[in-house]
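Got chain A; can you put chain B on it based on the hints?
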Amino acid sequence: MKTRLFSLFAGDAQADRVVPPTGFTARLTVFASGAMAFLAVFALALSLATGRLAQQWGDALAQSATIRVSAPDGQVDQQVLAVMEVLQTTPGVADARVLTDDEQRALLEPWFGPDLPLDTLPVPRLIEVTEAGDGFDPEGLRQRLAGEAPGAILDDHARWREPLVRAAGRLRLLGGVSIALIAMTTAAMITLAAQAALAANNQVIHVLRLVGARDSYIAGAFVRRFTLRALIGAAAGMVIGLVAILFLPSADVGGGFLTGLGFRGWHWLLPLLIPPLAALVAFVATRHAANRTLQELT
Amino acid sequence: MQQTPGWGKTVANEKRGNGVIEFEEVSYGYSDNGPLLSNVSLKLAPGSFHFLTGPSGAGKTTLIKLCYGALVPTQGRATLFDQDVRQMSRDEIAETRRKIGVVHQDVQFLDHLSLVENIALPLTVSGRNTELTDLADLIGWVGLTGQMEALPPELSGGERQRAALARAVVMSPDVILADEPTGNVDWEMSQRLLKLLIELNRMGKTVLIATHDMNLIRAAKAQVQARVLRISDHRLQLAGADL
Chain A
1 MKTRLFSLFA GDAQADRVVP PTGFTARLTV FASGAMAFLA VFALALSLAT GRLAQQWGDA
61 LAQSATIRVS APDGQVDQQV LAVMEVLQTT PGVADARVLT DDEQRALLEP WFGPDLPLDT
121 LPVPRLIEVT EAGDGFDPEG LRQRLAGEAP GAILDDHARW REPLVRAAGR LRLLGGVSIA
181 LIAMTTAAMI TLAAQAALAA NNQVIHVLRL VGARDSYIAG AFVRRFTLRA LIGAAAGMVI
241 GLVAILFLPS ADVGGGFLTG LGFRGWHWLL PLLIPPLAAL VAFVATRHAA NRTLQELT
Chain B
299 MQQTPGWGKT VANEKRGNGV IEFEEVSYGY SDNGPLLSNV SLKLAPGSFH FLTGPSGAGK
359 TTLIKLCYGA LVPTQGRATL FDQDVRQMSR DEIAETRRKI GVVHQDVQFL DHLSLVENIA
419 LPLTVSGRNT ELTDLADLIG WVGLTGQMEA LPPELSGGER QRAALARAVV MSPDVILADE
479 PTGNVDWEMS QRLLKLLIEL NRMGKTVLIA THDMNLIRAA KAQVQARVLR ISDHRLQLAG
539 ADL
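So the protein lines, in turn, are chains A and B. When you line the first sequence up against my numbering, it's residues 1 to 298, in that order. When you line the second sequence up against my numbering, it's residues 299 to 541, in that order.
Take these hints with a grain of salt, some might be off.
[What the hints assert, rightly or not] Stretches of chain B that chain A covers, calculated by requiring three or more beta carbons in the stretch to come under 8 Å of a beta carbon on chain A:
| hint | region |
| --- | --- |
| 1 | 383-392 |
| 2 | 406-412 |
| 3 | 419-430 |
[Unchecked claim] Just a few of them, taken from the derived set where beta-carbon distance is under 7 Å, the chain A residues facing chain B:
| hint | residue |
| --- | --- |
| 4 | 20 |
| 5 | 199 |
| 6 | 203 |
| 7 | 207 |
| 8 | 210 |
| 9 | 211 |
| 10 | 215 |
Because the hints were derived from the structure by calculation, they are not lab data. This structure is a prediction, so every number in the text was calculated from the model and none was measured. All residues carry an ideal CB built from backbone N, CA and C; glycine is no exception.
Isolated chain A (complex conformation) (with noise of 0.2 Å):
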């Protein structure tokens, strides 16, 4: 295979030659394989993005837990002020602090507008869990604040984190699932667009084993000529597909997943491997389809 590839790129001029140029078995073969890296880079963008992503939830969430303090009038201050002893004598907390009026109009704000009268609202307190190491038992703290607090309700956010960290998996997944379609999908149009140019050059065929060419020197020929196109067409596409990557809108706290859907640091470096994949492909596509046609004609 590597005295092949070899082959491949040092190329004959004269063997080249041998082969008459075709018209829309060469355009098709370029803007197929330009076609699909240009889809490539977009799923590849899509499988780093969600791969980040998954990442930056599981990590942003799994350190953190919430307590919600409910309580009726002239309770709460008492019962934060319980959670909080509470907390301080369970191991795996880091820190606990209790969110500011600020802090929790903030939060509402969203919802409700910027004049929400806090102090005429049954809103509940919220204390923020920072988590050290392996994190605190749940359950444990449940039972405690349950002694302690009962108005109190641990949020360790393990059923919000799963689900999003199980979706960006799925995403991730995808991705990884496209791009094997599509380096399948360039592989079956390239074959067919290597099959209609055999055929058409039926009588190319037929004079160079008159003359004694091999079986392997015919092929050569025509996976040479397949290997390249794909290998420029492909290079068109990941060029463009990089520019539309490269103009997507900057990242913002407002944009979410959409705007971090590009590459970060050497990510940028990995669709330079979609034009010599795409190369492979037609190589073992082109290959394939010569020496079978060829064993076909007798």
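Chain B only, in chain A's frame:
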């Protein structure tokens, strides 16, 4: 062996070995309608000159194709340069074809290449680097010096036949197989082609020409010692001197 009145003995009882192309009881058929060629035995000795005759559809082209490994016998044994065709790999057949120059009636070229590139094609596919100008003598020999850069569709029938002959001999093969080489050309051109083939035979090449042109055979026999084979009733027979 079977005798056919007027056409002498069959060719089956030739001594085995020493032939560049040998058939032993070879049969070939394209479908279930029975063999087109049946129990054909043949030996083309080095430097020999043979004509192959027979009516249209008798199997002349099929026999030529069997001679260069394009077809494999359905029965019997065909050997090319002492190698059994049935045992040869595709690569070995390709290698063997470099020792056999073939000229067909419907000459086929690569239409996108110039005449000189087409003539050099056997050298190209065998990986021999040859300057196209080195072929000037060969192209001059077939009288196509003025058409070196022409594309095949621009050539006349006779020019195509001569170009095909040049392509067939460019590798200096041991055997020349010509299937109706004069079928599409006038008498003068057929004489010219025949002269070239006779020259090749005098250079030691084995020549087999399939033709139904008896005048061509008579003209050749005046210049070269040629044997005439005839396909009749699916069998190959050695014709007599009564042409």
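Check your understanding: Which earlier hints turn out false for this structure, listed by number in ascending order?
Key -> 5
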